[in-house]
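Spelled out, the chains give:
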Amino acid sequence: MIIIEPRVKQLLIDDALNTFPDECCGFLFGREESDGTRVVIDILVVDNSKQGDKTRRFEISPIDYMTAEQHALDHEWNLLGIYHSHPKHPAIPSEHDRVAAQPYFSYVILSVLDSQTIHFRSWLLNEEQQFEEEKITDYQFT
Amino acid sequence: MATVIIPTPLRKFTNNTARLQVNTGTIHSTVQELTQNFPDLKKHLLDEGGNIRSYVNIFIGNDDIRDLQREKTPVKEDAVISIVPAIAGGTPDPIPGSASTPLFTKEELARYNRHIIIPGFGMAAQQKLKTAKVLVIGSGGLGSPVLLYLAAAGIGTIGIVDFDVVDDSNLQRQVLFGVNEIGKPKVEAARRRLEALNPYIRLNIYNTHLNAQNALDILKDYDVIADGTDNFPTRYLVNDASVLLGKPNVYASIFQFEGQVSVFNYRNAQGQLGPNYRDLYPAPPPPGLVPSCAEGGVLGVLPGIIGSLQALEVIKVITGIGETLSGRFYIFDALNFESRTFTIRPREDNPINGKTPTITALIDYEQFCGMRAVEEAPLKEVTAKELYDWQVRGEKFQLIDVREPHEFDIVNIGGELIPLGAVADNSDRIARDKTVVVHCKVGGRSAKAIRELQEKYGFTNLYNLKGGILAYIDEVQPELTKY
Chain Y
1 MIIIEPRVKQ LLIDDALNTF PDECCGFLFG REESDGTRVV IDILVVDNSK
51 QGDKTRRFEI SPIDYMTAEQ HALDHEWNLL GIYHSHPKHP AIPSEHDRVA
101 AQPYFSYVIL SVLDSQTIHF RSWLLNEEQQ FEEEKITDYQ FT
Chain L
1001 MATVIIPTPL RKFTNNTARL QVNTGTIHST VQELTQNFPD LKKHLLDEGG
1051 NIRSYVNIFI GNDDIRDLQR EKTPVKEDAV ISIVPAIAGG TPDPIPGSAS
1101 TPLFTKEELA RYNRHIIIPG FGMAAQQKLK TAKVLVIGSG GLGSPVLLYL
1151 AAAGIGTIGI VDFDVVDDSN LQRQVLFGVN EIGKPKVEAA RRRLEALNPY
1201 IRLNIYNTHL NAQNALDILK DYDVIADGTD NFPTRYLVND ASVLLGKPNV
1251 YASIFQFEGQ VSVFNYRNAQ GQLGPNYRDL YPAPPPPGLV PSCAEGGVLG
1301 VLPGIIGSLQ ALEVIKVITG IGETLSGRFY IFDALNFESR TFTIRPREDN
1351 PINGKTPTIT ALIDYEQFCG MRAVEEAPLK EVTAKELYDW QVRGEKFQLI
1401 DVREPHEFDI VNIGGELIPL GAVADNSDRI ARDKTVVVHC KVGGRSAKAI
1451 RELQEKYGFT NLYNLKGGIL AYIDEVQPEL TKY
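Here the protein sequences come in this chain order: Y and L.
Position one of the first sequence corresponds to residue 1 (this note's numbering), numbered consecutively onward.
Position one of the second sequence corresponds to residue 1001 (this note's numbering), numbered consecutively onward.
Keep in mind that the hints were calculated from the coordinates and are not lab data.
All figures in this text were calculated on a predicted structure; none of them were measured in a lab.
A couple of the hints might just be wrong.
Calculated pairs, DMTMM-like style, for lysine to aspartate or glutamate (alpha carbon to alpha carbon, straight line, at most 20 angstroms) [unchecked claim]: (1) Lys1012/L - Asp15/Y; (2) Lys1247/L - Glu1323/L; (3) Lys1012/L - Glu95/Y; (4) Lys1012/L - Asp114/Y; (5) Lys135/Y - Asp1223/L; (6) Lys1385/L - Glu1323/L; (7) Lys1106/L - Glu95/Y; (8) Lys54/Y - Glu69/Y; (9) Lys1043/L - Glu128/Y; (10) Lys54/Y - Asp114/Y; (11) Lys1106/L - Asp47/Y; (12) Lys1434/L - Glu1366/L; (13) Lys1448/L - Glu1416/L; (14) Lys1316/L - Glu134/Y; (15) Lys1106/L - Asp35/Y; (16) Lys1076/L - Glu1033/L; (17) Lys1042/L - Glu127/Y; (18) Lys1106/L - Glu1033/L; (19) Lys50/Y - Asp1433/L; (20) Lys1106/L - Glu133/Y; (21) Lys88/Y - Glu1108/L; (22) Lys1448/L - Asp1389/L; (23) Lys1012/L - Glu127/Y; (24) Lys88/Y - Glu1107/L; (25) Lys1012/L - Glu76/Y; (26) Lys1434/L - Glu1386/L; (27) Lys1012/L - Asp53/Y; (28) Lys1043/L - Glu127/Y; (29) Lys1012/L - Glu32/Y; (30) Lys50/Y - Glu76/Y; (31) Lys1072/L - Glu1108/L; (32) Lys1106/L - Asp42/Y.
Some, not all, of what chain L presents toward chain Y, calculated at C-beta under 10 angstroms [what the hints assert, rightly or not]: (33) Pro1009; (34) Lys1012; (35) Arg1019; (36) Leu1109; (37) Phe1368; (38) Asn1412; (39) Lys1434.
Don't be surprised by glycine CBs; every beta carbon is placed ideally from N, CA and C.
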């Protein structure tokens, strides 16, 4: 399970809409509870460094990746995963996503149909290098 | 010593340690040292040949070792080495040949799952269905199963042409409708039923007679035409309009116990154009020779069978899977449970796309099919209301019913029964000294009987009951049984 706070969710939506029709991308930071539940506390927006068609592909530069790792260490957060958008496509990982996917990371995908219709889904690699869906829960104050 | 920063995804292989101290040397010796101390790292860093994987980047400071000396790059005292996984991805590639990949929502993917999992069909074919625009002409017996199955299958845009309203006698075969729709326009009833079946498709309705004036305009926006009409003028009209617009026309027709299916004007993957209806029948049969379903009857389940085959061929034309019925003509005989498939070929003398076409635009199809023969004098007619007035006033006239005996048994209005086929042989039973009114079910057969009697025997006192017995029931005696 992955919990995304409303504030963080809005940051993700803002980036996806600002970048539309290109794919947006960035990093998810937070903590992992003892029961495996992940809590996303903040994000880091980075440039889509893909050369060519950014409406269908995204790429994060190694320098941005190193910055993200350092950012996590500085804040004593975990680098929990990556988010990116699928403009006009469902929030289902593509074969391109699967081939390049890393273990451990949560892959949050935002499907952007239009400014009103944005769906979130999160995915994790299993041992067979296949994606399994990770349930997203809205943050609840208890 | 130098420092290696392990990326988060690989830390589970290094006891959750982010920074490891390693000896100085080269990148090659550093990687060796890491994989010796943490064997699980090996498959993530190195490929089967022992080389660093293409999607693993190694940086010293802010420099990619690919820009330095690759694995021979020296690792000096206090160097900071970062292992950086390549992060990339994207949306699925479009299907080759499709202009744009349609988007399926989660709900649609669930809805079409049983299609998508068929080997050889899959997502590619389902996407073609979604981008396809199909025009279904006629929403009656054939149109009902065609529309239900095409809507259920997820054809993205479906047009429906029909001018008719739902009648109780339709419900024996037109499974699209129910008793609540009686009296309502068929296209509107169809739209409500199909919207309830599949909310993920677009429906365009045309509550109009398809004719030579509007046909090209309505057909032009569609990829595939499905002709389920019940009369020759519209059948030739649909055929000619499809040929002129270069669109495949999936054809079906039914009569009593027999059904026919074919795919006309279909260009295959090799670019060859298949035959059309005029290659099969260059000209229509004489009027009256082939009765319509209203006059000849049809077994209700037959359009269900034949319309389903028609829907199947529409789906094959759109997706390109399998072999369509293009160039073949399929006939199903429900009574003997026999089916035959004939080969049909383009004819050089086809008037619309043969060697020397004589038809280059749509024509008057009513006239072409003899429905409105210009040289024929109009028949004398009497309306049901007028006939009733004559009866009330006690005028002397003879009433002849040219329907079949089983129709007579269902309902009659006191006429003498002489079935159409027996009229000529029984002309002596028909009075010459007073008015004679001839009727059938809706007026077609009685008109034929009158012409025959006039031409062969010189009758001049014959009146056709306009609209037949059905009009009489509607206007005069609604308590009688309609069929």
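Handout entry: Structure-inconsistent hints, enumerated in ascending order
Key = 1, 3, 4, 5, 6, 8, 11, 12, 14, 15, 18, 19, 22, 27, 30, 31, 32, 37, 38 and 39
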